[in-house]
Amino acid sequence: MADQNKTDTEGQFYNEILSPSELFAARSRSHKIPVRGQKDFFPNDSDEQRQRLEQTLNEHWSLISEERVERLANLVKATWVPSDQIVELQSPAGKFWQTMGFSANGKQYLLPEEALYLMECGNLLVFYKGLPLSIQDGYERFLSSNTISLQQYQVFGHLKRLGYVVHRFDSSLEPSSYMRQLNLPQSRDKTVRQLKRKRSASPTSTSTSTSTSTSTPLSSHTETQKESTTERMEEDKCSREYEEDKKSESHFTASSETPEFQTAATSSADEAAGRHWWMSDALTDPGHTSDHSPTSGSSRWDFRSIIFPDLGSREHHPGRLASPDPSLLPGALTVGVCDVATWSQRINLRKVKMSSKEERREEDKHRRRWDVNKDKEVRQCRNWTEYQELMSRRQGKQKGRPEHLWNREVTPLHDPRQPISTGELLDKISVIKSTNLLEGASSIKGSDEWRICFNVYQPDTVADFKKSNPGKPYSRMCVCSFHSPVPDLRALKLLAFQSGDIPVVFAVVDHGDISFYTFKDFQLPTDVYP
Amino acid sequence: MKLDQKRKASVRTVRSLSLADPVLVLVLVLVMDESHDEDLFPTVGVSLCDSAPLLWRVQDLKTVRSRGLVGALLGSLPRTPRQNGRLGRPLLLLPEEERLLSEHHAAAAALPAADQVRGAELCRWVEKFEEEQRRSYEEQSILALQDRKSALFRAMTSTGETVLHGRLRALDQSFTFPQLALAIQVSTARAGLTYCPEARAFLQADWPFREQDEACRDIRYQVFRDLRGRGFYLTSAGKFGGDFLVYPGDPLRFHAHFIAVCLSLNESVCLLDILAVARLGSSVKKTVLLCSPGTDGAVAYTSLQWSGMV
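Going line by line, the protein sequences match chains A and B. Under my numbering, the first residue of the first sequence carries the number 1, and numbering increases by one thereafter. Under my numbering, the first residue of the second sequence carries the number 1, and numbering increases by one thereafter.
Derived from the structure by calculation, the hints contain no laboratory data. What you were told as hints is all true, and nothing was included just to trick you.
Footprint (simulated), chain B over chain A, 3 or more residues, beta carbon under 8 Å:
#1 33 to 42
#2 47 to 58
#3 64 to 78
#4 118 to 125
#5 140 to 150
#6 509 to 515
From the three backbone atoms N, C-alpha and C, an ideal C-beta is built for every residue, glycine too.
Sequences are here, hints too, so could you generate the full structure?
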């Protein structure tokens, strides 16, 4: 038995190369997959079982040993370029070109995983040094740390076989959170540039980048009306710098805009006009006349370092006011030292004296922080008398309120006199607020451990799929193995932030099996009728 | 592979679990002597792809299967590539399967791609390849002509028309087999291809014993070897939350009976983990086996079962 086995293998060793007659015969072979019958529960050494096992194994081996035989007309020819880790097409691409590959320098290229998948499908024959590569060669040459790993290819192949369109994910191509906020459309030029960038060096890339830079700021200017800052952008700045610039500016306004400034900006129109020269144009170049609203230039100013004179305070009152920093003034204007003594005499600087009753009321008001103006009933009062009548009416109602609870520093969370819905009340008294995946995610630094590998588009979009404008992916894939840990909250937040509103799916590869899981925000239901 | 029926059931250890309500009944089984049937099988050629051990040649796949190793198929099936139900070569080996093969000196490094070939040698290979293509074309065109002729003959014998004689003559004179209709093999394995014709010699070398780091790997391997020695077939059981799925016979014909979870003997286990895996096992109608290799090389198996007691 053993000897026979050995001689068999000796003879069959080269048999995986088909002879011309076998190749010819293969044209008319079946494409059906034998159906697997019901499995048995336990082996019982019966002949029937043995026979069935033998039959199943035979079917299995005939299926496994089958070689790919394709007509020359159906095979696209390509060559492997190891220096670029890429496959270059030599003959016109097939139907797969709609969803795979890219062109650069007038040539058509496939990424290694795409080429390998097409080889496995019998659509592509890849040559290297004039000889055709086998599937095994493809696996060993195309899959490496420079391209994608075997596990990533397993996931890629699994999804491709299911009909999905799968592209590599490139985080630098994703719109920044700021762009997303403004709902900026993604420019088409960027996708073109992505494809260019995958090639190591492409001479045409410079020309495309200039075209992008001129078009992007202008188009975005028309899209978003608030972008007065765009004017200060030099025309030849590239769009990427532009984004970064925008991002840092937005940060700046968010963090350093002090409350004083906010009130100044929202104060009445003529007041703003009066301060115009203070606020907006000082930092723009001379000669650049601007008639924008005060907010336009404000972001460049740090109001913590610019001191506004307080003429009302007694304490530090020099009598004379030093001239303002000339850098804050428009070019032609000079302002000397100002004597404020005569002005300050006219100001009523006496301290307000309050009775003890008034003081208590003031304190009470301060403690409760209850804005009278928000009260509907109060607003309905037409004069002082009506208001006082209302207050006394309320005083009567409030008898039930235990006064001693409200006299101390610590007061109840809610004043029962203020009507509020149950849902709002629950929200008000909740100790731990619920959060979502994206909260605080923008501040997390990137990590190498977890990264998104693929953009996945649904099979039903294939018919009108455009590589240049693929649209929003259906999901994004992150490939990991069973032996690696489950992603922690930090990693989840990071990936969710990178992906934006598209769900991130984790593909877990266990040997040959691939399982998918995803994390979703979950809102605990509140059992309250609104 | 026949199952050893003479299983000596002897109680090795009992894991003590103090449990209040759902009572876990501990069923304890089997320790027995191993028997190996070595050297019946030829050496298989293993090649690495991104550090994963892959088998490519059908003969090697058959060999490991007859040793009771299942592995996992990764590639698209040539017959119908765009589906995931049945996959084709290559076959990925489990780390334990790889180690078992190398322990039995049954594996060897498959031929590496001959990259250093260049110049005249490469030219000769390319010439040889093109020559074979030409030969294939000639043979296939002869076959195609015969094919057409026999079809015509069949038509003639059934209808008996003489018009067809003319057609037959015309065919003989003017038949050309279109170049694009040439059938080409996109071969799966490299062996035997133009790149490495003198393949067999390489296979005498032994497959290196690759470093398999952590201690848990070792535990897994001992359990794997023991269960395989008893005639069981094993595959990975990630989707069932365990280390191995244990089949009583070839997985093509039989359902898995056990989910093996590998633990070291002195490892303390969280009760919640045990409950989780036991619950999962019972819901897929499989028995969970806690497997711990002892110091003497034997493995202790503990099975978990939900009891009917309330």
